[in-house]
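Turn these sequences into a full structure, and let the hints guide you.
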Amino acid sequence: MENVVELNNVTKNFKGFSIKNMDLQVKQGFVTGFIGANGAGKSTAIKMMMKLLQPDSGEVKLFGLDYQTHEKVIKEHIGFVYDGNVFYEGLNLKDIKRIVGPAYKRWDDTLFYQYIEQFELPLNKAIKTFSKGMQMKASLAIALSHHAELIIMDEPTAGLDPIFRRELLDLLQELMIDGNRTIFFSTHITTDLDRISDYIAFIQNGELIFNQSIHDVAENYALVKGGMDLLDRDTEKAFVHVHRAPTGFEALTDNIKEVKNIFGESVVIEQASLENIMYYSKGRKSYV
Amino acid sequence: MFNLIRRDVILQKKMLLTYLPFILFFVMMDSHPAMTFLIASIFIPFNAFAYDEKAETNILLNSLPYTRVEIIASRYIGAIVYMVVAIGLASLSLYAFSQPFSMMDIAIGNSLFLLFAAFTFPLFYIIKPGHIFSVVLISFLLLAAVGPQVVIFLAEHLTVITNFIASFSVPALYTGAAVIVMTLYAISWIVTTIIYQKKAF
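Chains as they are written, first to last, in this note's numbering: chain B, 1 to 288; chain H, 1001 to 1201.
A couple of the hints might just be wrong.
What the hints assert, rightly or not - Label pairs and their calculated CB-CB ranges:
hint : chain 1 : residue 1 : chain 2 : residue 2 : range
1    : B       : Glu275    : H       : Ile1126   : 54 to 60 angstroms
2    : B       : Asn21     : H       : Lys1013   : 45 to 51 angstroms
3    : H       : Ile1187   : B       : Gly16     : 35 to 41 angstroms
4    : B       : Gly179    : H       : Ala1200   : 56 to 62 angstroms
5    : H       : Ile1187   : B       : Phe14     : 30 to 36 angstroms
6    : H       : Tyr1051   : B       : Ile256    : 54 to 60 angstroms
7    : H       : Tyr1051   : B       : Phe14     : 23 to 29 angstroms
8    : H       : Tyr1051   : B       : Glu174    : 23 to 29 angstroms
9    : H       : Asn1003   : B       : Ser273    : 32 to 38 angstroms
10   : B       : Arg98     : H       : Phe1140   : 28 to 34 angstroms
Because the hints were derived from the structure by calculation, they are not lab data. Glycine is no exception: its CB is placed at the ideal position from the N, C-alpha and C atoms.
This is the structure:
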């Protein structure tokens, strides 16, 4: 089994927003970062993976299994972390553990207390008194204490200070030493991804633009800068989007070879950061 | 499943400290024993909904290895479990204050509870969070205020119905009532399960 998560031809319609015929695979044993602007459909896709939402059509498979017949087995192997706190905020961690722990067959109390100690979390204080970072750590401790093979996180780094963000990323990296584990997390802070992601899935307006290894993304996309005189209707076709300024243009291409063919040495080709890719893709022509 | 039912006790730990005084209050107020049984049964299951109406709770429960069928089943089975506990506690309290009560009071109180639960449980999954508690409270007060009047009115003016009911023997009447209550509870269970399975969080 190579893909831990498979969305096949999934469609979900809302008022004014829809995910259309999305195919998304998450590879086993890797960290996949899920990027996209606010409202691009990241949370919707994650909710479909967790069966919090059901697609209008298409199939969602986890570990090669169907939710219809294997819901409990699937969820048994997932650790989840959501953007906001989903635990009863009036309870302390000990009581939350009493509620969540027995739900899992493979819940490991020793491991849980180990994470509590590592994250320096108080056991007897109500969750609502926790800071955003502490709530995040608490969710993570719970998500990690039942030997989950797949960790799904929706915006885990949002609202965290830079120091804890780094700690979190380091921790995720540590978790990956166990080669069976897969991490799938959404974010709009693209710098998080450079550090730990193996694959990047980019979603925009409910459409998956690409799902490639970070290496391929770096190879396929580039930022091109040059004089305005080089642009015309034909040469523009080589670009995803062009930003024009009096001093020259700056454009994103997903076809570096063609750009080199057309412009040769007359333009500057730079590596495009994920942020550049996200920014320029906003105005992209739709794909055929 | 058992864990889901046990969850209500963990959640309401502090609230439970007020549970016994709450029952005792009704005992000492000399309210009808059937009423005491009804109130005692309502306490835990309906408090639980106050926690569960939050969207976050449903996201949590649905992300854990439970199916939606189980989550709803835990509600309906839990209500019966806590009802049995309530019967025990209320009986003890009544006994301690040497208030007479009969099996009849238990039967009436708990039939009313099951009936009330059957009608309100689905509402918790239909009405928007935040409004539920007021809806249930108002419907309970309305039922308590208007219900007996309606029954008396029907009894006085619709002799056809009362004659029809009176034509049954007492045991048949009680069995019939029990069957109707249980059927309604079962239907409510099925309806809630269907509603819940279609929900998005």
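Hints versus structure:
no.: 1; hint: Glu275(B) to Ile1126(H): 54 to 60 angstroms; in the structure: violated, 44 angstroms
no.: 2; hint: Asn21(B) to Lys1013(H): 45 to 51 angstroms; in the structure: holds, 49 angstroms
no.: 3; hint: Ile1187(H) to Gly16(B): 35 to 41 angstroms; in the structure: holds, 37 angstroms
no.: 4; hint: Gly179(B) to Ala1200(H): 56 to 62 angstroms; in the structure: violated, 35 angstroms
no.: 5; hint: Ile1187(H) to Phe14(B): 30 to 36 angstroms; in the structure: holds, 32 angstroms
no.: 6; hint: Tyr1051(H) to Ile256(B): 54 to 60 angstroms; in the structure: holds, 55 angstroms
no.: 7; hint: Tyr1051(H) to Phe14(B): 23 to 29 angstroms; in the structure: holds, 28 angstroms
no.: 8; hint: Tyr1051(H) to Glu174(B): 23 to 29 angstroms; in the structure: violated, 35 angstroms
no.: 9; hint: Asn1003(H) to Ser273(B): 32 to 38 angstroms; in the structure: violated, 47 angstroms
no.: 10; hint: Arg98(B) to Phe1140(H): 28 to 34 angstroms; in the structure: holds, 31 angstroms
Violation of the numbered hints given earlier is confined to hints 1, 4, 8 and 9; the remaining hints are satisfied by the structure.
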